[in-house]
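K.L.:
Taken in order, these protein sequences are the chains called A and B. Per this note's numbering, the first sequence starts with residue 190, numbered consecutively. Per this note's numbering, the second sequence starts with residue 288, numbered consecutively.
Hints are computed from structural coordinates only; laboratory data are not their basis. Any given hint might turn out to be false.
A partial selection of chain B residues facing chain A, derived with a Cβ cut-off under 10 Å [unchecked claim]:
#1 Thr337
#2 Lys371
#3 Phe377
#4 Gly378
#5 Phe381
#6 Asn383
#7 Asn385
#8 Pro388
#9 Pro399
#10 Ser444
#11 Arg447
The beta carbon of each residue, even a glycine, is placed where N, CA and C say it ideally should be.
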Amino acid sequence: MNLLTIMQQLLSGMVITVEIFVFTLLFSLPLGLVVAFGRMSKNGLIKTITKVYISIMRGTPLMLQLIVVYFGPTYVFHIKIGAGYRMVAVIIGFTLNYAAYFAEIFRSGIESMEVGQYEAAHILGYTKVQTFAHIIFPQVIKRILPPVTNEVITLVKDTSLAFVLAVAEMFTIAKQIAAAQATVVPLMVGGVFYFIFNFVVAWGMEQIEKKLSYYR
Amino acid sequence: MELLRINHLKKSFGALSVIKDFSLAVNEGEVVSIIGPSGSGKSTILRCATMLEKMDGGDLIYAGKAAAKDEGMGSVYASKAELKEIQRTFGLVFQNFNLFPHYSVLRNVMEPPVMTGLMSKEEAKEVAMKRLSQLGLADKADAYPYQLSGGQKQRVSIARALALSPKILFFDEPTSALDPELTAEVLKVIKDLAAQKMTMIIVTHEMQFARELSDRIIFMEHGIVRAEGSPEDIFCSDDARVKEFIGKLNA
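When you get a sec, could you build the whole thing from the sequences and use the hints?
P.N.:
Here's what the structure looks like:
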């Protein structure tokens, strides 16, 4: 089997990998912000719930979380699940997991903001929502970009965990070919794919950082 | 016309009583300076007057409208909507400027009137440019706060407060973060405002400045007013403590 055939076979997996990546980011970033608000809430119950949520998500393997999301409905609610649920379960599992990490990053950024920024906005007549949307959040984004980049890069590599629910992402296919043909070439090709993917991600994040470097 | 009245303000932080009893009435066009040693409660008074802190007891009245009333059970604040309305009466200049670093100088000054629905974008831009030129900052309109000196930053923050046309302007140690040269540049701006009959309440350590500028000076110590009067009353006071404080600063 030559390199071209291997790459052709991996292509469908790459699409799935990118899908997992994009949908996870799309859902986990906003959810992470919501969780961060819960974590910083003055309401003790909400604060405790989000704390427990974050500690479970960070304290157990993502692989196990995927399994729970996939089999949970069947075991707990006796709901019949179709094969189509596999990919959905992967996205849900990844989103819940990454939201916990993003929440802590958002929290660190929000809590690093000087109280004077809130006070100045308040005195100038900004509402709380305006203060957050126009004064606080834009500055938070700049501050949290480096740790967010770390997480995003980790996510690219974590997509390979989708194999546990038999979702044929790129690395799953690579492993299958490698086993069938008794060669490590597909795995190496997979490695190069992750590297290029992450190179692009890092480059993109760097562009955003540059764009936000107009102020200090 | 009386713009501000504070009656028997009391404020504690936990067990620590910071303001024991403070009253003040300020008429339109008056400049009042509050002086005194660190920890005397000067800044706390400003923070209570500008509603950044809640008073424990006492009345807070702006141009006849009560922001807080004390009927003997502690300060009871007006509704949120009323407070928002009253808040437009005053502006506050912070010790450390608190400019918005992600906005240009112009945007720092023009954004609040737009955000609060006071002006259209065009109007706000015009007002902002006018204020900036008045304060000698027209050429800095497109700069970002990090590119400015401390004195320029403080002038921008004054322009930002003025753009909302407050009736009273509070200053919380406006020059404490600045070196003497930059201090002079900011004090000149405040003097110009006084000449234009801007009503101002200034917490400061600049004794000479307070003396030249103020209609009235209040000397605070340990959360109470130790002395109050015209600059001459204070600077020629017989009160041993006031003498000592002013003497030390002049030495």
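K.L.:
Run every hint past the structure and note whether it holds.
P.N.:
Hint by hint, here is what the structure shows:
| no. | hint | verdict |
| --- | --- | --- |
| 1 | Thr337 | holds, 6 Å |
| 2 | Lys371 | holds, 7 Å |
| 3 | Phe377 | holds, 8 Å |
| 4 | Gly378 | holds, 7 Å |
| 5 | Phe381 | holds, 6 Å |
| 6 | Asn383 | holds, 6 Å |
| 7 | Asn385 | holds, 4 Å |
| 8 | Pro388 | holds, 5 Å |
| 9 | Pro399 | holds, 4 Å |
| 10 | Ser444 | holds, 8 Å |
| 11 | Arg447 | holds, 7 Å |
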